[in-house]
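Trainee: Chain by chain, the residues:
There are 2 protein chains.
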Amino acid sequence: MHFELLATDGHTAARRGRLTTAHGTVETPAFMPVGTQGTVKGLTPQMLRETGTQMILANTYHLALRPGEEVIEKLGGLQRFTGWNGPILTDSGGFQVFSLADQVRVSERGVVFRSHIDGARLELTPERAMEIQAALGSDIAMVLDHVVALPSPPDQIVEACRRSVRWAERCRDVAGPPHQARFAIVQGGLDVDLRLWCSRELVSLRFPGYAIGGLSVGEPPQEMYAVLRDTVSALPADRPRYLMGVGRPEDLLEAIGHGVDMFDCVLPTRNGRNALAFTDAGPIKLRNACYADDPRPLDETCPSPASSFSRAFLRHLFLAKEMLGPILVSAHNVAYYQKLMRDSREAIEAGRFAEFREEKRRRWHEG
Amino acid sequence: MHFELLATDGHTAARRGRLTTAHGTVETPAFMPVGTQGTVKGLTPQMLRETGTQMILANTYHLALRPGEEVIEKLGGLQRFTGWNGPILTDSGGFQVFSLADQVRVSERGVVFRSHIDGARLELTPERAMEIQAALGSDIAMVLDHVVALPSPPDQIVEACRRSVRWAERCRDVAGPPHQARFAIVQGGLDVDLRLWCSRELVSLRFPGYAIGGLSVGEPPQEMYAVLRDTVSALPADRPRYLMGVGRPEDLLEAIGHGVDMFDCVLPTRNGRNALAFTDAGPIKLRNACYADDPRPLDETCPSPASSFSRAFLRHLFLAKEMLGPILVSAHNVAYYQKLMRDSREAIEAGRFAEFREEKRRRWHEG
Chain A
8 MHFELLATDG
18 HTAARRGRLT
28 TAHGTVETPA
38 FMPVGTQGTV
48 KGLTPQMLRE
58 TGTQMILANT
68 YHLALRPGEE
78 VIEKLGGLQR
88 FTGWNGPILT
98 DSGGFQVFSL
108 ADQVRVSERG
118 VVFRSHIDGA
128 RLELTPERAM
138 EIQAALGSDI
148 AMVLDHVVAL
158 PSPPDQIVEA
168 CRRSVRWAER
178 CRDVAGPPHQ
188 ARFAIVQGGL
198 DVDLRLWCSR
208 ELVSLRFPGY
218 AIGGLSVGEP
228 PQEMYAVLRD
238 TVSALPADRP
248 RYLMGVGRPE
258 DLLEAIGHGV
268 DMFDCVLPTR
278 NGRNALAFTD
288 AGPIKLRNAC
298 YADDPRPLDE
308 TCPSPASSFS
318 RAFLRHLFLA
328 KEMLGPILVS
338 AHNVAYYQKL
348 MRDSREAIEA
358 GRFAEFREEK
368 RRRWHEG
Chain B
8 MHFELLATDG
18 HTAARRGRLT
28 TAHGTVETPA
38 FMPVGTQGTV
48 KGLTPQMLRE
58 TGTQMILANT
68 YHLALRPGEE
78 VIEKLGGLQR
88 FTGWNGPILT
98 DSGGFQVFSL
108 ADQVRVSERG
118 VVFRSHIDGA
128 RLELTPERAM
138 EIQAALGSDI
148 AMVLDHVVAL
158 PSPPDQIVEA
168 CRRSVRWAER
178 CRDVAGPPHQ
188 ARFAIVQGGL
198 DVDLRLWCSR
208 ELVSLRFPGY
218 AIGGLSVGEP
228 PQEMYAVLRD
238 TVSALPADRP
248 RYLMGVGRPE
258 DLLEAIGHGV
268 DMFDCVLPTR
278 NGRNALAFTD
288 AGPIKLRNAC
298 YADDPRPLDE
308 TCPSPASSFS
318 RAFLRHLFLA
328 KEMLGPILVS
338 AHNVAYYQKL
348 MRDSREAIEA
358 GRFAEFREEK
368 RRRWHEG
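Heads up: the protein sequence lines correspond to chains A and B, in order.
Following our numbering, the numbering of the first sequence begins with 8 at its first residue and continues without gaps.
Following our numbering, the numbering of the second sequence begins with 8 at its first residue and continues without gaps.
There may be inaccurate statements among the hints.
The list treats identical chains as one, so a pair stands whether inside a single copy or across any two.
[Claimed, not checked] Here are the simulated lysine-lysine pairs, BS3-like style, with alpha carbons at most 30 Å apart: (1) Lys328 <-> Lys292; (2) Lys292 <-> Lys48; (3) Lys48 <-> Lys346; (4) Lys292 <-> Lys81; (5) Lys292 <-> Lys367; (6) Lys48 <-> Lys328; (7) Lys328 <-> Lys367.
Since the hints were derived computationally from the structure, they do not count as laboratory data.
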């Protein structure tokens with residue numbers, strides 16, 4: 008993997024870059040739709056490509072439980088298995104173990120838990136997390152981290168953060184496929200000093216990329232932005248920065264302004280399945296009666312697989328419980344996010360990201 | 008609408024024809040996937056087009072209840088509303104009233120019932136059925152018929168059949184959109200004499216096309232085939248013949264051999280949603296463990312939107328309850344049906360439909 012910094016905005020910390028992987032190129036800032044179980048819910052790889060998506064995220068925890076990484080490896084790796092032939096980032100499974108699994112017990116060695124699917128007793132260690140991701144064959148693998156819920160007692164946050172650094176080093180030292188890059192994950196809750204310490208420690212381990220984890224877990228946006236700004240400032244300029252699990256369109260613009268390059272979030276697809284469409288005039292709730300005979304597309308400025316359908320038809324699909332509703336609005340929302348990234352990249356190149364961000368915010372709030 | 012008979016098989020009663028409508032051409036024998044609520048479940052119009060589909064069926068009963076035909080008319084008719092810009096046939100709503108609605112009461116005037124959605128009291132008369140279909144703007148509208156369950160007492164079958172003929176005449180005499188053709192529906196249960204009487208009566212009313220209704224409702228296939236053969240023989244050679252709601256691939260080949268031109272059935276999409284795929288080696292149940300690491304596509308001879316995926320991946324999607332499973336296998340099954348129609352048309356043109364049918368049957372049964 009290779010990361011190239013192409014331009015900076017000048018007035019903000021926003022950056023324009025390019026990630027080159029064995030499975031293709033990703034222009035940054037980039038948004039990765041989430042394909043938890045090897046599919047971005049409701050979209051064929053072809054539809055996904057048509058939204059402007061260049062890279063997706065897949066979940067190691069889910070895929071290791073079902074169908075199992077050995078099946079995916081046998082069938083030629085994630086790209087061959089899923090039909091998405093572009094770049095893929097896999098998470099380490101840590102976040103899912105701590106949020107989905109049962110009877111979770113952490114030790115220095117790793118984490119022991121029961122599968123949320125069949126109750127099977129399993130262990131995830133830093134070495135095992137890298138082994139699974141090697142079998143999956145993703146382009147970017149994430150280190151295993153110890154994730155704690157926020158708020159938690161400060162000593163627990165500190166201890167988890169320190170353990171995450173020790174685990175990151177163990178992950179780094181496992182041999183992996185030559186094409187696969189590893190990203191470290193900065194933890195530390197909302198404690199800026201701890202975040203800075205964690206960043207420095209991880210940077211000294213020299214990873215090809217750095218993620219910021221454990222944010223957007225319920226804290227007010229302003230708190231997240233403050234932590235984010237300070238954390239990013241401690242990361243090396245020549246490495247990509249990835250903000251995990253964030254977020255709303257306004258969060259993405261804010262984070263880009265602080266110098267973040269990569270994002271993933273379930274919001275566009277999860278909201279799409281629930282009849283909520285993102286548009287330049289703010290979110291639209293398609294179940295509302297006011298759309299019953301609205302002939303307009305969701306957003307005239309955003310081409311997507313849903314562009315040729317009226318709001319009235321999309322509303323009908325949701326009321327009639329037809330699969331095509333979730334399919335089309337998910338595709339639209341992903342396309343909306345990708346257009347936001349494309350427009351951000353152009354604005355950064357033109358040195359006018361701050362104006363662009365202001366204009367977007369104004370339109371979203373005016374509705 | 009214009010129907011042209013292009014070729015006959017010579018050894019069977021199979022025919023090769025072409026239906027020309029305001030929204031495009033349909034090569035016959037033709038299979039129409041069912042888009043009950045204005046969408047063939049799980050498929051975008053583009054995916055549907057890629058399966059080789061030329062014409063779809065939409066259900067008047069469902070669309071009149073929700074969103075209402077006045078909404079669809081206001082938004083430019085079914086094609087504009089649904090995004091499927093090819094030919095559409097609408098049924099009359101009769102079959103659905105008799106199978107889905109509550110408190111159904113029939114009189115000579117029409118049928119009064121309660122909506123299965125909200126319990127609203129509604130009336131469907133022959134005139135109203137044509138009025139709704141005129142508003143929908145379909146290319147082919149079906150007359151309202153009185154459908155009885157099989158088995159029923161003979162006098163009820165006779166009475167319903169006679170009423171269907173009287174209703175057909177009333178439907179014929181309602182003014183409709185100039186581009187819309189009306190098809191009559193032959194009823195008469197499994198009573199061949201009654202079927203022949205009904206056919207003669209309807210033929211004397213001079214419709215542009217004739218459907219055969221009330222079959223494939225639980226009777227043994229051989230009984231259906233016998234009734235079908237005799238009924239078709241009483242219909243004019245220069246008008247298209249449409250067998251409603253049938254059926255399995257073997258039923259389609261049998262019916263084509265008796266001279267049927269058009270079909271509709273929910274089987275490819277309903278089975279697709281339930282992980283059953285049609286192939287030349289017979290149906291495949293994708294949940295079976297034997298497909299867990301099967302790298303082969305569903306059917307190497309049938310190009311479809313699912314062709315680039317392994318059986319192992321498709322099985323994974325169903326076990327993981329991912330929407331993409333139903334989407335891809337529905338698309339495959341519709342593509343399989345369309346290929347069966349395409350191959351049938353070629354076989355008829357070459358005068359070798361009987362051999363083609365034998366070969367297919369042999370392969371389906373050998374597995």
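Trainee: Hint by hint, note whether the structure agrees.
Mentor: Against the structure, the hints:
Taking the shortest alpha-carbon separations for Lys328 and Lys292, both the intra-copy value of 15 Å and the inter-copy value of 25 Å come in at or below 30 Å. Taking CA atoms no more than 30 Å apart as the test, Lys292 paired with Lys48 passes in both settings, with 20 Å inside one copy and 22 Å between copies. Proximity of Lys48 to Lys346 under the C-alpha cut-off of 30 Å is found in both arrangements, the shortest distances being 19 Å within a copy and 28 Å between copies. Proximity of Lys292 and Lys81 under a CA criterion of 30 Å is satisfied inter-copy only: 22 Å between copies versus 43 Å inside one chain copy.
In the homo-oligomer, the alpha carbons of Lys292 and Lys367 lie at most 30 Å apart inside one protomer (19 Å), although the nearest pairing across protomers, at 49 Å, exceeds that limit. Within a single copy, Lys48 and Lys328 get their C-alpha atoms as close as 16 Å, and across copies as close as 10 Å, so both meet the 30 Å cut-off. Within a single copy, Lys328 and Lys367 get their C-alpha atoms no closer than 33 Å, and across copies no closer than 37 Å, so neither meets the 30 Å cut-off.
In the structure shown, a violation is registered for the earlier hint numbered 7 alone.
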